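Going by numbering that gives the first Met the number 0, the first residue of the sequence shown is number 0, and it counts up by one from there.
Warning: the hint list may mix true and false statements.
What the hints assert, rightly or not - Mimicking SDA-like on lysine to any residue, the simulated pairs with C-alpha atoms at most 25 Å apart in a straight line are:
| no. | residue 1 | residue 2 |
| --- | --- | --- |
| 1 | Lys155 | Tyr237 |
| 2 | Lys204 | Thr245 |
| 3 | Lys155 | Pro219 |
| 4 | Lys179 | Gln232 |
| 5 | Lys56 | Pro219 |
| 6 | Lys204 | Val99 |
| 7 | Lys155 | Gly69 |
| 8 | Lys179 | Asp166 |
| 9 | Lys215 | Thr245 |
| 10 | Lys179 | Ser220 |
| 11 | Lys215 | Lys204 |
| 12 | Lys155 | Pro124 |
| 13 | Lys204 | Pro124 |
| 14 | Lys204 | Ser94 |
Said to hold, decoys possible - Label pairs and their calculated CB-CB ranges:
| no. | residue 1 | residue 2 | range |
| --- | --- | --- | --- |
| 15 | Asn130 | Thr188 | 13 to 23 Å |
| 16 | Ser93 | Arg247 | 22 to 32 Å |
| 17 | Glu110 | Gly165 | 34 to 44 Å |
No lab work stands behind these hints, which were simulated from the structure alone.
Note that the coordinates shown come from a computational prediction; the quantities given were computed from them, not determined experimentally.
Here a beta-carbon is modelled for each residue, glycine too, at the ideal position from N, C-alpha and C.
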Amino acid sequence: MSASQLVHKARKENRMKNCNALSNRTTRRILPIACATALAVAFTVSLPQPAHADQFKPPRVPSNIQVPAGNTAFLEGHGVGTQNYVCAPSASSSSGFAYVLFTPEATLFNEDDEQVITHFFSPNPFEVNTNPAVVADGTIRVTWRHSRDTSTVWGKVRPRDPSIPGDLGDSSSDPAFVAKGAIAWLKVTVVGAQDGPTGGDTLTKTTFIQRVNTSKGVAPSTGCASFSDVGNQAFAPYTADYIFYTDR
């Protein structure tokens, strides 16, 4: 089984698990698009909004993950959850095997410690899936879904371009900013946005999302070194702050 097939299998298992356990798991779930209508009913009670731009100041970040001029922060959330990995064959690893991220599972809270957004991977219906090893109605992308109105955005992180001298992509592990043993800080470019089933649009104006102030979340150094480890899953707890920007 290829690495992409292992990742897809792990994502599918998690989507099924979380849909079945939706009634008693509110802080860790991966939701397929088919669950959107059910969620709209489940979260009809209005929740307080995330902190707005006049209530917080975005932190200083490495230059390569700064958002373009004309974009302003309009909300933030403190994420708590796990970075979920699966062991797969890897040509770039000395052992021939490595953990691959198959999804984050996180809940974002506002300054009053109330849930506002869920965070996971899901198919972006606005991008055609071009990976024959993955059966999905769209390209799998990092996803944020508003917990009250179920508006959803999908994003991608530009990787480093080796043909451009000094290019770092839209990810930073600069020790001047990023804590030791923590996952990278990111600038995520939104590539798809969708209103909720009842017209909710809190997130659909988002243009960029920064992941900053990260803690932990890296894949373990053991448990993925041989063929017998392929398919092993690891759930690495992490926290991070997510800042949402708009150009409107």
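Hints, verified against the model:
With a C-alpha separation of about 20 Å, the suggested pair Lys155 and Tyr237 falls inside the 25 Å cut-off, and the hint holds. Simply put, Lys204 and Thr245 have alpha-carbon atoms about 6 Å apart, close enough for the 25 Å limit, and the pair holds. A hinted pair counts as satisfied when its Cα atoms are at most 25 Å apart, and Lys155 with Pro219 qualifies at roughly 24 Å. Taken as a hint, the Lys179 and Gln232 pair is honoured in the structure, with Cα atoms around 23 Å apart against an allowance of 25 Å.
A C-alpha spacing of about 33 Å is found between Lys56 and Pro219, which places the hinted pair above 25 Å, so the restraint is violated. The straight-line distance between the Cα atoms of Lys204 and Val99 is roughly 31 Å, outside the 25 Å bound, and the hint therefore fails. Distance restraint check for Lys155 and Gly69: the Cα-Cα separation of roughly 20 Å lies within the 25 Å cut-off, and the hinted pair is therefore satisfied. Between Lys179 and Asp166 the CA atoms are separated by roughly 22 Å; this keeps the pair inside 25 Å, and the hint holds.
Proximity of Lys215 to Thr245 is assessed by CA-CA distance (about 28 Å); at most 25 Å being required, the pair is judged violated. Restraint check for Lys179 and Ser220: the C-alpha separation of about 15 Å stays at or below 25 Å, so the hint holds. Note on Lys215 and Lys204: the hinted pairing is violated, with a Cα-Cα distance of about 30 Å set against a maximum of 25 Å. Distance hint between Lys155 and Pro124 is fulfilled; the C-alpha atoms sit about 14 Å from each other, no more than 25 Å.
Restraint check: the Cα-Cα separation between Lys204 and Pro124 comes to about 17 Å, which is no more than 25 Å; the hinted pair holds. Restraint check: the Cα-Cα separation between Lys204 and Ser94 comes to about 44 Å, which exceeds 25 Å; the hinted pair is violated. Separation of Asn130 from Thr188 is about 20 Å and conforms to the stated range, judged on CB atoms against 13 to 23 Å. In this structure, Ser93 and Arg247 break the distance hint of 22 to 32 Å, their C-beta atoms being roughly 48 Å apart.
Judged by the Cβ atoms, the range 34 to 44 Å given for Glu110 and Gly165 holds: they are separated by roughly 37 Å.
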